[in-house]
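Modelling step: build the complete structure from the supplied sequences, incorporating the hints.
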Amino acid sequence: MSGKGLNNFFKEYLNEKSIFLNKRVLQASYNPENVLHREKEVNLIANILAPILKKEKPSNVFIYGKTGTGKTLTMKYISDHINDVADEKKIQVKIIYLNCKLKRVADTEYRLIAQLVREFGKDIPPTGLPTDEVYNIFFKTIEDSEVILLLILDEIDQLVNKAGDEIIYNLTRINTELDKSQISLVGISNSLVFTDNLDPRVRSSLSEEEVLFPPYNALQIQDILKKRASIAFNSGVIGPGVIEKCAAYAAREHGDARRAIELLRVAGELTERKKKKKIRLQELDRAQEKIEKDRVIDTIQTQPKQSQTALYCITSLINEMKNKTYTGEIYEKYKTLCINLNLRPLTQRRISDIIAELDMLGIVNTNVVSRGRYGRTKEITIGYPLSMTTKIRKILESELGLS
DNA sequence: GTCAATTCACATGAAAGAGACCACGGTCTAGTG
DNA sequence: CTAGACCGTGGTCTCTTTCATGTGAATTGACGA
-1 MSGKGLNNFF KEYLNEKSIF LNKRVLQASY NPENVLHREK EVNLIANILA
49 PILKKEKPSN VFIYGKTGTG KTLTMKYISD HINDVADEKK IQVKIIYLNC
99 KLKRVADTEY RLIAQLVREF GKDIPPTGLP TDEVYNIFFK TIEDSEVILL
149 LILDEIDQLV NKAGDEIIYN LTRINTELDK SQISLVGISN SLVFTDNLDP
199 RVRSSLSEEE VLFPPYNALQ IQDILKKRAS IAFNSGVIGP GVIEKCAAYA
249 AREHGDARRA IELLRVAGEL TERKKKKKIR LQELDRAQEK IEKDRVIDTI
299 QTQPKQSQTA LYCITSLINE MKNKTYTGEI YEKYKTLCIN LNLRPLTQRR
349 ISDIIAELDM LGIVNTNVVS RGRYGRTKEI TIGYPLSMTT KIRKILESEL
399 GLS
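My numbering applies: residue -1 is where the first sequence begins, and numbers increase by one.
It is worth saying that the hints were derived from the structure and are not from the lab.
Be aware that one or more of the hints could be misleading.
[Stated by the list, open to error] With a straight-line Cα cutoff of 20 Å, these simulated SDA-like cross-link-like pairs (lysine to any residue) come out:
{"id": "1", "residue 1": "Lys120", "residue 2": "Phe137"}
{"id": "2", "residue 1": "Lys55", "residue 2": "Tyr167"}
{"id": "3", "residue 1": "Lys224", "residue 2": "Glu260"}
{"id": "4", "residue 1": "Lys333", "residue 2": "Thr375"}
{"id": "5", "residue 1": "Lys322", "residue 2": "Asn365"}
{"id": "6", "residue 1": "Lys120", "residue 2": "Asn134"}
{"id": "7", "residue 1": "Lys87", "residue 2": "Tyr75"}
Since the structure is predicted, the reported quantities are computational estimates derived from the model, not experimental observations.
What follows is the structure in structure tokens.
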């Protein structure tokens, strides 16, 4: 394209009527004005948390439900409203929302507490201080600020998995030592069985109240989609059956509304790129594929070298013969590949864990099988569509610098 | 043929090490008046 | 005299290694029918 041609392209692009009216509505960060089909949960949580406005400590709440069931959205919605009223009536309330999954923000005890202190405007170094020192600073800070602190810990299961349940115990226990301030905890978890493995003391104090978010059913997702679509798209853009199919896809995936919305957005983007005026079922299918593909490729590319090497071995083994392979085979192959790549090979123990990590990411599927006299091992199959193997191998080859 | 013991090839756990990053306080050095 | 450079110590955090223990069914071999 020549310079002039490019100019024309951009001009044309500007003149084109977008099918989107307001794309932001379909993005994950968007907070709708009200939360559909969650009236019961909103009321319940609002009732539990309301005492905070009278300067009384609300019960700790534990919220759980699968991904995309509106937990985070609901909590944000409620806390926004609490903040509004508190501002209006000049009530001292502090609500802190932390996502424990965010790497390097709140995924360890130290970082969580440090982040909390930062929320109060103090500066804490990212490392270097002893943890109890940070606790002391935190303690002093809230005691001085004399507030009821509502601490919302999203994806709390991740935090406990990584750093143990002592943090929660410490946070709940800190109340007994606080004089002028109090802390209430709101734990949000995707895992339904999270509390089972918790220390009984922690469990009882964290889940003084429990709220379960059931998955949306297909009709509810349709409602949500229609609402969002009416704001996001120009009228008449959505073809017949699109919303319904979109909802059906999501309902199959345990009622994940986030996925449904993303699907609709990507379908819209694809439609626009093809300069079509209407989203049809065809684009929806295409979008479904694209999302899956992007997700897999993205996770693979962000893996460390060693994981990529291990994964490359798995794809090689699966490529050259059957459709499954075993830990021992992979490790043998891995060792020789490491020599070729001039990489220090890790121990089998570590590779075993790396395979488990790849399993967690959904890139491979593993299954522990006992082959009787021939030992016990993991049976590994790939977790992405077979049609993607060539592409993925290419990506891995370039990442690893293989010819 | 039956049944318990054996055996394989790892899985799974726990603990500890290596190395990167960082804060803090003390000491040294060079520049300033 | 003082600001800044430069240690040493002690802390967190991630990725690994080392050591130890667990595991489930095919196989083996003793046993009795």
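So, going through the hints one by one against the coordinates:
1. Lys120 x Phe137: 13 Å, holds
2. Lys55 x Tyr167: 17 Å, holds
3. Lys224 x Glu260: 13 Å, holds
4. Lys333 x Thr375: Holds, at roughly 18 Å.
5. Lys322 x Asn365: Within the cut-off at roughly 10 Å; holds.
6. Lys120 x Asn134: Cα-Cα ~13 Å, so holds.
7. Lys87 x Tyr75: Measuring from Cα to Cα gives roughly 19 Å; hence the hint holds.
Consistency note: the structure conflicts with none of the earlier hints.
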